[in-house]
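Engineer: Below, each chain spelled out in residue letters.
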Amino acid sequence: MIRLKAGDAEAFGELYFRYRPRVYRFALKLLRDADLAEDIVQETFLKARSAIQNLLQSSSLLAWLLTITRNEVYGHLRKSRSNGDVSDEDVWESETPIDEVVGKETVEIVQSMIAQLKPDYREVILLREYEQMPYAEIARVIGDTESAVKARLFKARKALVKKLKPYFGEQS
Amino acid sequence: MTCDEYQEQVSQYIDGELGDKDSGILFKHLSSCAECRLFLRSTLELRSKIHDEMLMEAQNQLQAQPSRLTTAFTLPLVALLAALFLFLGITQFSSTGQYYQISDRTSVEFGQPALPPNPF
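Going down the list, the sequences are from chains A and B.
Residue numbers for the first sequence follow the numbering used here, so the first one is 1 and each next one is one higher.
Residue numbers for the second sequence follow the numbering used here, so the first one is 1001 and each next one is one higher.
Next up, chain A with everything else stripped away, as it sits in the complex (with noise of 0.2 angstroms):
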């Protein structure tokens, strides 16, 4: 922390290596487009970088970065849609096609249940299943509070487990 604060560029690269692949996959599961997912990493660590004086010293670098990316990704999304309101009484974002389904394994299918949701639903259970981050922490990163995570939390649960019922009962 210390020498990144002091602008040591290898410590910047150490902090790059390290977390890249965590902000691409955020990044990536949040626009479900891999090019511009790269670009949203590139510039998370282009702001990372002139923003370093402003990380405090008790903060996780992770969750950090991931306020930055979400920043980004959230920023294009403003500006990709023309009425620029991402939240929604309904929690999904788009129906999946039946025959996207058929014949794939749970697991890709709960991956493309949870790439339909709308953005706001998919990052906490992103946050919270993929990076294992406290409501506490995961409040921080989407700028909201506890109980708005507890709730979105429930919300993205239940309707998964309800679109997900018929391949779990298969399974069991």
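Calculated from the structure, these hints are not laboratory results.
Since this is a predicted model, take the numbers as computed values, not measurements.
Heads up, a few of these hints could be off.
[Unchecked claim] In the DSS-like style, the derived pairs of lysine-lysine whose C-alpha atoms are separated by at most 25 angstroms in a straight line are:
hint: 1; chain 1: A; residue 1: K155; chain 2: A; residue 2: K165
hint: 2; chain 1: A; residue 1: K79; chain 2: A; residue 2: K5
hint: 3; chain 1: A; residue 1: K158; chain 2: A; residue 2: K104
hint: 4; chain 1: A; residue 1: K118; chain 2: A; residue 2: K163
hint: 5; chain 1: A; residue 1: K47; chain 2: A; residue 2: K104
hint: 6; chain 1: A; residue 1: K155; chain 2: B; residue 2: K1021
hint: 7; chain 1: B; residue 1: K1028; chain 2: A; residue 2: K158
hint: 8; chain 1: A; residue 1: K158; chain 2: B; residue 2: K1021
hint: 9; chain 1: A; residue 1: K118; chain 2: A; residue 2: K79
hint: 10; chain 1: A; residue 1: K29; chain 2: A; residue 2: K5
hint: 11; chain 1: B; residue 1: K1028; chain 2: A; residue 2: K162
hint: 12; chain 1: A; residue 1: K79; chain 2: A; residue 2: K47
hint: 13; chain 1: B; residue 1: K1028; chain 2: A; residue 2: K155
hint: 14; chain 1: A; residue 1: K104; chain 2: A; residue 2: K118
hint: 15; chain 1: A; residue 1: K29; chain 2: A; residue 2: K163
Based on the hints, put chain B in the right spot on chain A.
Structural biologist: Structure of chain B alone, referenced to chain A:
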């Protein structure tokens, strides 16, 4: 409390974010509610499938690129072996006396003074 509220607690419980007291109340409810038990089982299965995906992703990454650990050990090892072979080669060469012969010949060919004569 409704089943929907209990299921929200199930979601918190599997994340380790539900207190002991509330967990006790939740489990009392689960013992008598098949619907909420099914929600618990399904959310755990969802998590297990996500973990399977992460495992597959990690395996693919490992297969796709050599690990840093391997590289970290391989490069110094190759350098060490190269240095060892070079050292052994030179030692072998000079022990046969050929080194000096070649040096003499080279010096003569390039018109440089030969090795100084041995004063003893």
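Engineer: Does each hint fit the structure? Answer for all of them.
Structural biologist: Hint by hint, here is what the structure shows:
At roughly 15 angstroms between alpha-carbon atoms, K155/A and K165/A fall within 25 angstroms of each other, so this suggested pair holds. Straight-line distance between C-alpha atoms of K79/A and K5/A comes to about 32 angstroms, which puts the hinted pair past the 25 angstroms bound. About 22 angstroms separates the Cα atoms of K158/A and K104/A, which keeps this hinted pair within 25 angstroms; it holds. Restraint check for K118/A and K163/A: satisfied, since their Cα atoms lie roughly 15 angstroms apart, inside the 25 angstroms limit.
Pair hint K47/A plus K104/A does not hold up; C-alpha atoms about 39 angstroms apart against a cutoff of 25 angstroms. This hinted pair checks out: K155/A and K1021/B have alpha carbons roughly 23 angstroms apart, not beyond 25 angstroms. As the CA atoms of K1028/B and K158/A are separated by approximately 21 angstroms, the hinted pair is consistent with the 25 angstroms bound. Taking the CA atoms of K158/A and K1021/B, the gap is about 24 angstroms. The hint holds against a cut of 25 angstroms.
Distance hint between K118/A and K79/A is fulfilled; the C-alpha atoms sit about 16 angstroms from each other, no more than 25 angstroms. Of the supplied pair hints, the one linking K29/A and K5/A is violated, its CA atoms being roughly 30 angstroms apart against a limit of 25 angstroms. Under the criterion of a C-alpha separation no larger than 25 angstroms, the hint pairing K1028/B with K162/A is consistent with the structure, at around 24 angstroms. Under the criterion of a C-alpha separation no larger than 25 angstroms, the hint pairing K79/A with K47/A is consistent with the structure, at around 19 angstroms.
With a C-alpha separation of about 23 angstroms, the suggested pairing of K1028/B with K155/A holds against the 25 angstroms cut-off. A C-alpha spacing of about 22 angstroms is found between K104/A and K118/A, which places the hinted pair at or below 25 angstroms, so the restraint holds. About 19 angstroms separates the Cα atoms of K29/A and K163/A, which keeps this hinted pair within 25 angstroms; it holds.
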